[in-house]
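Number of protein chains: 2
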Amino acid sequence: MKLPESTEWVLHAAGSLAQLGPGGTASAAKLAEHFDVPPTYLAKQLQALVRAGVLTATTGPRGGFRLAKSPGDITLLQIVEAIDGTSQFYQCNEIRQRGRGAAPPEQCRKICGIARNMHAAEAAWRASLADVTLAEIVAGLPRGVPQRTRTLLA
Amino acid sequence: MKLPESTEWVLHAAGSLAQLGPGGTASAAKLAEHFDVPPTYLAKQLQALVRAGVLTATTGPRGGFRLAKSPGDITLLQIVEAIDGTSQFYQCNEIRQRGRGAAPPEQCRKICGIARNMHAAEAAWRASLADVTLAEIVAGLPRGVPQRTRTLLA
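Sequences listed follow chains L and G, in order. For the first sequence, the working numbering begins at 1 and goes up steadily by one. For the second sequence, the working numbering begins at 1 and goes up steadily by one.
Next comes chain L alone, as it looks inside the complex:
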């Protein structure tokens, strides 16, 4: 399993917007240049974050993308799910009920132990990502980074 390469781009782009302070806006072109990533593809991925309610897109000469809410209210999970979706890693096709070994329905009223544990592991991944906000990411940046980001993206 692999997340799309653009996951890193949008996490860092959102992190940069968080460093600009309330209402801070940057265009996809500026953000793409900031990280040397393809501008058209980055813009498309940032639109996915708009649809997910993480960013707001503004138009006009000073338009671009800004955070749709406070950095403390945006989690890594929200950003990752905007890009990769929310479907489960492990697809249970109930093969315990198929084939020569098919278990009768009365033995399948409870979720299969394999599926239950596979889904619990995925829930642990999601919970871990839901526990980290952009505010915490920005707070952990080396001294001087937010100031430089503001200077370059302003």
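Bear in mind the hints are in silico, worked out from the structure with no lab data behind them. It is possible that part of the hints are untrue.
Note: identical chains are not told apart, hence a pair may lie in one copy or across any two.
Straight-line Cα separation of at most 25 angstroms, BS3-like style, residue types lysine-lysine; simulated pairs [what the hints assert, rightly or not]:
id, residue 1, residue 2
1, Lys2, Lys110
2, Lys44, Lys69
3, Lys30, Lys44
4, Lys2, Lys69
Following the hints, put chain G in place on chain L, whose structure we already have.
For chain G alone, kept in the frame of chain L given last:
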């Protein structure tokens, strides 16, 4: 992100072998019939479990696959990693050091906070899967299932 469909097959195949008791052996053909899955592809995936040290392949008229160790020593993680590998979901390409916004090397001595948290979430997923053994899966099966598995696969 999605695990291969065959993840369910091999988890259930290994779970069935665990139900056969010590040394219990079944052919890929029998296991494929048991779950109505493609025998050639299942055999290929079971060979991946042999390479991972989870199963042993035996030859001869009564040959097939059996567990390489006790069900209490085989975790869901070992099986999943045999099929899907061990590479990280999140690939950090250090884009913080690229482009116009590139941070200087002295600000990049510590791992990036985004990468650190992305990897921590994945570690939580792996830890959750490493915490469940085939012995626990078998212990949680409805009454009568292991007996039927033994009758059908013997």
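First find the shortest C-alpha distance between Lys2 and Lys69 inside one copy, then the shortest across copies, and answer within, between, both or neither for a cut-off of 25 angstroms. Neither: 28 angstroms inside a copy, 30 angstroms across copies.
If the cut is 25 angstroms between Cα atoms, do Lys30 and Lys44 qualify within a copy, between copies, both or neither? within (14 angstroms within a copy, 48 angstroms between copies)
Please work out whether the CA atoms of Lys44 and Lys69 approach to 25 angstroms or closer within one copy, between two copies, in both situations, or in neither? within (20 angstroms within a copy, 49 angstroms between copies)
Given identical chains, is Lys2 near Lys110, meaning Cα to Cα at most 25 angstroms, within a copy, between copies, both, or neither? The answer is between: 24 angstroms across copies meets 25 angstroms, while 31 angstroms in one copy does not.
Of the numbered hints given earlier, the model fails hint 4 alone.
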